[in-house]
Amino acid sequence: SQKIEQNSEALNIQEGKTATLTCNYTNYSPAYLQWYRQDPGRGPVFLLLIRENEKEKRKERLKVTFDTTLKQSLFHITASQPADSATYLCALEGGYNKLIFGAGTRLAVHP
Amino acid sequence: NAGVTQTPKFQVLKTGQSMTLQCAQDMNHEYMSWYRQDPGMGLRLIHYSVGAGITDQGEVPNGYNVSRSTTEDFPLRLLSAAPSQTSVYFCASSYPEADEQFFGPGTRLTVL
Numbered sequence: 002s003q004k005i006e007q008n009s010e011a012l013n014i015q016e017g018k019t020a021t022l023t024c025n026y027t028n029y030s031p032a033y034l035q036w037y038r039q040d041p042g043r044g045p046v047f048l049l050l051i052r053e054n055e056k057e058k059r060k061e062r063l064k065v066t067f068d069t070t071l072k073q074s075l076f077h078i079t080a081s082q083p084a085d086s087a088t089y090l091c092a093l094e095g096g097y098n099k100l101i102f103g104a105g106t107r108l109a110v111h112p
Numbered sequence: 399n400a401g402v403t404q405t406p407k408f409q410v411l412k413t414g415q416s417m418t419l420q421c422a423q424d425m426n427h428e429y430m431s432w433y434r435q436d437p438g439m440g441l442r443l444i445h446y447s448v449g450a451g452i453t454d455q456g457e458v459p460n461g462y463n464v465s466r467s468t469t470e471d472f473p474l475r476l477l478s479a480a481p482s483q484t485s486v487y488f489c490a491s492s493y494p495e496a497d498e499q500f501f502g503p504g505t506r507l508t509v510l
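So the protein lines, in turn, are chains A and B.
Position one of the first sequence corresponds to residue 2 (the working numbering), numbered consecutively onward.
Position one of the second sequence corresponds to residue 399 (the working numbering), numbered consecutively onward.
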């Protein structure tokens with residue numbers, strides 16, 4: 002079955018720096034991969050989707066890459082702000098709009 | 399639009415009790431899903447539905463029942479609660495082949 006690995010340790014960075022989060026998967030390459038943001042006590046909120054035939058996707062300060070050879074996606078937040086502090090979840094397509102989620106990486110941006 | 403709503407926000411049950419977690423969406427989405435989220439683990443799919451009258455099992459369906467009589471509602475029933483079902487439950491909805499799933503605010507369930 003598909004397994005997804007995200008850094009379980011929190012990522013601490015200084016305000017203004019670029020945060021880079023990693024999502025690795027083990028088996029088949031999914032048709033698409035999504036990134037969500039989750040704040041404490043709230044449901045996940047969709048950020049970006051990248052398809053298997055796309056190398057990179059951008060949205061404002063966010064950038065996602067998808068390397069099907071390495072079986073890896075990288076999620077970047079440039080010019081990070083304390084308001085970007087949250088847990089970021091990677092999710093792979095599992096058919097019928099089903100998603101397989103990673104455990105998430107907590108990001109803390111310090112002033 | 400209210401989006402995806404879930405009730406209750408918090409619930410405490412005793413082992414063996416039954417209850418229904420409610421989920422409703424007002425976006426006319428065909429797809430709806432139930433996930434549970436446990437510390438240190440990703441969201442795990444319990445049951446999902448691709449339309450009214452159609453449901454199927456996800457990764458962790460045991461101990462849960464669902465039905466989908468309308469497009470808007472997708473209740474999750476715990477038949478006989480067990481401490482292992484202590485978790486945060488999220489409902490989500492989307493269009494078919496959609497770019498994103500919309501999640502509700504979650505229900506925090508504790509089974510004693």
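One thing to keep in mind: the hints can contain errors.
Below, computed lysine to any residue pairings styled on SDA-like, alpha-carbon distance capped at 25 Å [said to hold, decoys possible]:
no.	chain 1	residue 1	chain 2	residue 2
1	A	58	A	80
2	A	99	B	458
3	A	72	B	471
Residues from chain B shown here face chain A by an in silico Cβ test under 10 Å; the list is partial [to be verified]:
no.	residue
4	411
5	429
6	431
7	438
8	475
9	484
10	488
11	499
One-sided excerpt, in silico: chain B residues whose CB lies under 7 Å from chain A [claimed, not checked]:
no.	residue
12	408
13	439
14	441
15	448
16	449
17	452
18	473
19	497
20	498
21	503
For the record, the hints were derived by calculation from the structure and aren't laboratory data.
Each residue gets a CB set at the ideal place from its N, CA and C atoms; glycine is no exception.
Check your understanding: What are the numbers of the hints the structure violates, in ascending order?
Key -> Numbers 3, 4, 8, 9, 12, 16, 17, 18, in rising order.
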